[in-house]
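Could you put together the complete structure from these sequences and hints?
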Amino acid sequence: MALVEIENVSYWYPRQEKPAIRDINLEIEEGEFVLLTGPTGCGKTTLMRLTNGLIPHFHGGRIRGRVRICGMEAPAATTRQLSRCVCMVFQNPEEQLVSTTVEKEVSFGLENAGLPETLIRKRVEEMMAGMGISRLRRSFIPELSAGEAQKVLLAAVLALHPRILVLDEPTSQLDPLSAEELLTVVRRVHEESGTTVIMSEHRLERCFHHATRVVHMERGEVVFDGTPAEAANWWGGRRSFLPPVSRMFACAGWKKIPLTVNEARRLLPDAGSACLRRWESCREVVAGDDGREVVAAARSLWHVYPAGIEALRGVDLRLEKGERMVVMGENGAGKSTLLRCLLGLLPPTRGKVCLFGLMPSEERLPGLASRLAYCPQNPNTYLVSPTVREELMRTMRLRGCQVAGAEATVREQLDAFGLGEMAERNPRDLSCGEKERLVLACALLPPVPELVILDEPTRGMDYPGKERVLEVLRGHGSEGCTVLAVTHDVEFAAALADRASILGGGMAVASGRAEEILGGSLFFSPQVNRLLDGFFPGVIREEEGIAILRRMREERGADAE
Amino acid sequence: MKPLPLYRHKDTVFHGLHPAIAATVVFSLLALILLLRHPVYLCLAGAGVWSLVVLADVARETGPHLRLGLFMALLVVMVNPLVNHRGEHVLVYGPHVPLLGKLDITLESLVYGSVSAFRLLLVMMVFGLASTAISPDGLLDILARISSRSSLSAAIAIRLYPSMVVEAREMKEVQLVRGERLQGGAWQRMRAHLPFLAALFQGLLDRAACIAESMSARGFGSGKATRRRTPFRARDPFFGVFSLAGVAVVVLMSVLGKGDYDYFPTLSNPLRGLEAWAVAALCGEFACLAIIGWSWKRWPWLRSRM
Numbered sequence: 001m002a003l004v005e006i007e008n009v010s011y012w013y014p015r016q017e018k019p020a021i022r023d024i025n026l027e028i029e030e031g032e033f034v035l036l037t038g039p040t041g042c043g044k045t046t047l048m049r050l051t052n053g054l055i056p057h058f059h060g061g062r063i064r065g066r067v068r069i070c071g072m073e074a075p076a077a078t079t080r081q082l083s084r085c086v087c088m089v090f091q092n093p094e095e096q097l098v099s100t101t102v103e104k105e106v107s108f109g110l111e112n113a114g115l116p117e118t119l120i121r122k123r124v125e126e127m128m129a130g131m132g133i134s135r136l137r138r139s140f141i142p143e144l145s146a147g148e149a150q151k152v153l154l155a156a157v158l159a160l161h162p163r164i165l166v167l168d169e170p171t172s173q174l175d176p177l178s179a180e181e182l183l184t185v186v187r188r189v190h191e192e193s194g195t196t197v198i199m200s201e202h203r204l205e206r207c208f209h210h211a212t213r214v215v216h217m218e219r220g221e222v223v224f225d226g227t228p229a230e231a232a233n234w235w236g237g238r239r240s241f242l243p244p245v246s247r248m249f250a251c252a253g254w255k256k257i258p259l260t261v262n263e264a265r266r267l268l269p270d271a272g273s274a275c276l277r278r279w280e281s282c283r284e285v286v287a288g289d290d291g292r293e294v295v296a297a298a299r300s301l302w303h304v305y306p307a308g309i310e311a312l313r314g315v316d317l318r319l320e321k322g323e324r325m326v327v328m329g330e331n332g333a334g335k336s337t338l339l340r341c342l343l344g345l346l347p348p349t350r351g352k353v354c355l356f357g358l359m360p361s362e363e364r365l366p367g368l369a370s371r372l373a374y375c376p377q378n379p380n381t382y383l384v385s386p387t388v389r390e391e392l393m394r395t396m397r398l399r400g401c402q403v404a405g406a407e408a409t410v411r412e413q414l415d416a417f418g419l420g421e422m423a424e425r426n427p428r429d430l431s432c433g434e435k436e437r438l439v440l441a442c443a444l445l446p447p448v449p450e451l452v453i454l455d456e457p458t459r460g461m462d463y464p465g466k467e468r469v470l471e472v473l474r475g476h477g478s479e480g481c482t483v484l485a486v487t488h489d490v491e492f493a494a495a496l497a498d499r500a501s502i503l504g505g506g507m508a509v510a511s512g513r514a515e516e517i518l519g520g521s522l523f524f525s526p527q528v529n530r531l532l533d534g535f536f537p538g539v540i541r542e543e544e545g546i547a548i549l550r551r552m553r554e555e556r557g558a559d560a561e
Numbered sequence: 001m002k003p004l005p006l007y008r009h010k011d012t013v014f015h016g017l018h019p020a021i022a023a024t025v026v027f028s029l030l031a032l033i034l035l036l037r038h039p040v041y042l043c044l045a046g047a048g049v050w051s052l053v054v055l056a057d058v059a060r061e062t063g064p065h066l067r068l069g070l071f072m073a074l075l076v077v078m079v080n081p082l083v084n085h086r087g088e089h090v091l092v093y094g095p096h097v098p099l100l101g102k103l104d105i106t107l108e109s110l111v112y113g114s115v116s117a118f119r120l121l122l123v124m125m126v127f128g129l130a131s132t133a134i135s136p137d138g139l140l141d142i143l144a145r146i147s148s149r150s151s152l153s154a155a156i157a158i159r160l161y162p163s164m165v166v167e168a169r170e171m172k173e174v175q176l177v178r179g180e181r182l183q184g185g186a187w188q189r190m191r192a193h194l195p196f197l198a199a200l201f202q203g204l205l206d207r208a209a210c211i212a213e214s215m216s217a218r219g220f221g222s223g224k225a226t227r228r229r230t231p232f233r234a235r236d237p238f239f240g241v242f243s244l245a246g247v248a249v250v251v252l253m254s255v256l257g258k259g260d261y262d263y264f265p266t267l268s269n270p271l272r273g274l275e276a277w278a279v280a281a282l283c284g285e286f287a288c289l290a291i292i293g294w295s296w297k298r299w300p301w302l303r304s305r306m
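So the sequence lines, in the order shown, correspond to chains A and B. If you're matching positions, the first sequence starts at 1 in our numbering and goes up one per residue. If you're matching positions, the second sequence starts at 1 in our numbering and goes up one per residue.
Worth flagging that the hints you see were computed from the coordinates, not collected in a lab. Not one of these hints is a red herring.
Some, not all, of what chain A presents toward chain B, calculated at C-beta under 8 angstroms:
hint, residue
1, L54
2, F58
3, T78
4, F90
5, E95
6, L97
7, S99
8, K104
9, S107
10, N112
11, P116
12, L372
13, P376
14, T381
15, L398
16, R399
Glycine included, every Cβ here is placed at the ideal spot set by N, Cα and C.
Following this line, the structure appears as structure tokens:
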């Protein structure tokens, strides 16, 4: 029996003329793992809200068509009935946690369901033990890391034993390790209890192989519905939505498109050694230029918070003009603290920090506005103007740019970042990915600053958005703009960086050329590296991977077809 | 980043109390501070507040409350002698100011101001103790039995407060990097901060809407909910009876006018109005607290029995 039946459904949010989703027809059977894909703003979240009754129960609006969930007509069913069979985890854990302690949070839904107290206690214990969060039982929720918070939420919804689990970009805020852990739990729940999973995610490399079915949406409509293998072939013309490993094979012209690194490696074995020598001989090695100007540096940097937490322990960092550097590491490794120390927002407890040759401080920051741009992790802290256009104008004003010609510059920048149609919208009404793009558009307004510091720039951003940002950053890099990015997005890091550093426990545990640092690792390597490691060590960029695969295909001829 | 002065569970006897009992203990202290005016009783109340702060191991967490309390107390000490000219012992003869009259500073008004300031400081410390050592979830559970809507509003407010503080701090930093000049005079700072305040509150409203959506998705408000009861332990009646007895004694003394002290027109003898049994009882109660706190850490057997 289909657990979710959606027939000819269109939905309009309150006071909206245009429907968010149009003529959707979808049936989801028990035990399926459905991956929802599509560009930002295509209606994925709306569809998910429809599957758990938040639409129309919470959001109101106008709905046309028929929605049945677990045999109940969704508009007629009560939220209690719906919440017992379908549960949802949203993108940002910070915006979903209701209680102040973990135990209370896990029991929240159970209490609302009116279950007996003894059963609540049993389920709370079961879920906390199962998810490995028992040690956090009495932790103060605002102090949990993003990974821990998302696990707590998952425990809180799974405690209700739902038949359908809906996940809206659940890993977008997590480091690779936490994301892997969370998805492992989701897969376990799906496999061991037969729970139906409906998940939307932009980082497809993390979850594409878990799915049994892929539904792709564009402009509020379902444009593809099939198995992941069928999706990989169908996406030939829309390669942006393929996971990197599949995309590389598609771009290299291979007929068979693998979905995972494991599948892909099975296609390679003999071909590797044959073209390795030729590859090595033609590979371009860019030598470092030792005489370049140092834009920012930290020497033996320590920072200890008043509570006694040693966030940074002797970190060394040197950022030269024109360099693109990424800093990675798990949540709480000290990455954001490092950025704040470099900017002068936090004083070093020990060690030295230098920014444009000076010791940075809060007093000096306004004077550096035209030379320095910073994109924070939370775009809401950046966006304060009433419209998107005014936000860019404000940036121009703060940088002391001429008003004449500012309007044209702003328009061009909005178009470059795909925000042209949103110029008069309130920045707060944009999706997470769109907000990130707007912040980047402000930061990279011409004349581009000498140093751009990015804290998690691709959070909630779709593949086309990321590609656009990469293109802009690379373009500016060639003009001498220095980029320092803190990110959990391994694929983005590999595509952007010349140099990389991995922080762990407040220390720089590895630093060097991006190829060395991001290569040969299980969690901090991009898919191209995991695919070609052993054959072509140090390859981390997709273009290189595509070139190799293309050559292999040519050498193998019909075999590769 | 400074940790916010909010509740975090600790392994102390005070954190182990049932929230209702912990609230009763705090309430009894508040009654002592607000109903008795005698400086000796207030000093004893101070000792009581401090012993509870130590017992709950929240001395560092209540630091911000102490600092704010000291600031307010200082204001009271400075302002009171200027507006209160009663008392016979004039220390400084001041000028005549229209509306305020003659600004003489008397010994009595200075002492009265200092004792009032001390009282204010103690009240602040009690609130600090309550906000850092009593589980808000536990209290809200109790409140929810009376009014679930009020409990919900309080829960969202408690949940949003730390987020708001963190976001405000981050917003200020980000705007500084963008080139906003947030330093300078009060007027300039206020003008510079205005756009952020609007954005901050808008963000808070958005966040509250998201939390409400999450609550709705988990079946909140869809029928009668189960209220989990925090079980009472052996220690709870002990603390509860002590506190309620304390409240009863304080109310009785206040009604009988036993805890009063005359500051005007001249300071009366500090020993007058003191009840030996009351002083002994308060000293005994606070000594008990100290002993319990000490033995909680050192005697696992006693701890298991409590």
